[in-house]
Amino acid sequence: MSGFLSGAQLKNKAKDCLDGHYGILIGAGIAVNVISFFALFLFAQFNLLSSNTPTAYLLSCAIRFLVSVFTGVFQAGITLLVLKCACGNKPAFSDIFYGFSHHLQTALGISLLLQTVGLIPTLACRIPYLFYLSTGENRFLFIMCLSLLLSLVIYVPVSLCLSQCFYLMLDFPNKSVPEILSLSVRIMKGRKARLFYLELSFLPLILLGCLSVIGLLWVVPYMRMAMALFYLDIMKPEQKN
286 MSGFLSGAQL
296 KNKAKDCLDG
306 HYGILIGAGI
316 AVNVISFFAL
326 FLFAQFNLLS
336 SNTPTAYLLS
346 CAIRFLVSVF
356 TGVFQAGITL
366 LVLKCACGNK
376 PAFSDIFYGF
386 SHHLQTALGI
396 SLLLQTVGLI
406 PTLACRIPYL
416 FYLSTGENRF
426 LFIMCLSLLL
436 SLVIYVPVSL
446 CLSQCFYLML
456 DFPNKSVPEI
466 LSLSVRIMKG
476 RKARLFYLEL
486 SFLPLILLGC
496 LSVIGLLWVV
506 PYMRMAMALF
516 YLDIMKPEQK
526 N
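Per our numbering, the very first residue in the sequence shown carries number 286; after that it's consecutive.
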């Protein structure tokens, strides 16, 4: 026996931990999405004023990326909020700003790292697609699909390795970004498949939730809680070292 909870056990425990906390988690999620929306809205206004040139396009992509890095810092606060609920502590709505009020440099570094990794499948699709739009040649659509599949082979394991960074930042606030990265990779060694299967198990609920906004409001906190419990579960032997 590995001593770790199964995916089903984690999900059942997540339901118990969410009891009485759905309101604050849903509210926090909505607040972060609204802030992110307005940040991107301001970017869109700049983009509309930009000339339609390759330089302007690259500049707009760079600004969009920087906005994503900035709003990604909110994930530190969301992670703290969920962990508090998972550990039986009292959450506060102001926790969503934790990444900005505590260890901003570390939170920005982690957000930059995660957003950069997230560019892998995005660029794999966008670059061939731009060639398709400019040339009209169908072969670029085939290249786009192939490059997307190949990029996912790289992106999925890398993202799983880095998935624990914000949790580790909260538990080890004195560690630097490279140290957190190294620790995340280490604790995920041999556990990536387990987390991947846990994430896949939420896919049917996510698809159903997409049919209505209300459904997603329930699914997202549920999934976040299960991921937080996964972290707490794998860290039990780490705490004994």
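Hints are computed from structural coordinates only; laboratory data are not their basis.
Mixed in with the good hints, there may be bad ones.
Said to hold, decoys possible - Listed next, with one range per pair, are the computed distances between beta-carbon atoms:
1. 416 with 460: 36 to 46 Å
2. 305 with 328: 30 to 40 Å
3. 410 with 348: 36 to 46 Å
4. 326 with 389: 17 to 27 Å
5. 328 with 389: 15 to 25 Å
6. 459 with 485: 26 to 36 Å
7. 375 with 316: 17 to 27 Å
8. 390 with 437: 41 to 51 Å
9. 293 with 421: 47 to 57 Å
10. 423 with 308: 44 to 54 Å
11. 499 with 478: 44 to 54 Å
12. 300 with 416: 24 to 34 Å
13. 326 with 471: 35 to 45 Å
The beta carbon of each residue, even a glycine, is placed where N, CA and C say it ideally should be.
We went through each hint and held it up to the structure:
Between residue 416 and residue 460 the Cβ separation comes to about 42 Å, which falls inside the hinted range of 36 to 46 Å. Distance hint for residue 305 and residue 328: a CB-CB separation of about 37 Å, consistent with the stated range 30 to 40 Å. Between residue 410 and residue 348, the C-beta spacing of about 20 Å breaks the proposed range 36 to 46 Å. Separated by about 23 Å at the C-beta atoms, residue 326 and residue 389 satisfy the suggested range of 17 to 27 Å.
Taken as a hint, the range 15 to 25 Å holds for the pair residue 328 and residue 389, whose Cβ atoms sit roughly 21 Å apart. Taken as a hint, the range 26 to 36 Å holds for the pair residue 459 and residue 485, whose Cβ atoms sit roughly 35 Å apart. Take residue 375 and residue 316: their Cβ atoms lie about 18 Å apart, and the range 17 to 27 Å holds. The hint said 41 to 51 Å for the Cβ distance between residue 390 and residue 437, and at roughly 31 Å that hint is violated.
Range check, residue 293 to residue 421: about 50 Å between beta-carbon atoms, so the 47 to 57 Å window is met. Between residue 423 and residue 308 the Cβ separation comes to about 50 Å, which falls inside the hinted range of 44 to 54 Å. Separated by about 32 Å at the C-beta atoms, residue 499 and residue 478 break the suggested range of 44 to 54 Å. Residue 300 and residue 416 have their C-beta atoms about 47 Å apart, which leaves the hinted 24 to 34 Å range violated.
Against the hinted window of 35 to 45 Å, the Cβ-Cβ separation of residue 326 and residue 471 comes to about 40 Å, which satisfies the hint.
Violated hints, listed in ascending order, are 3, 8, 11, 12; each of the other numbered hints is respected by the structure.
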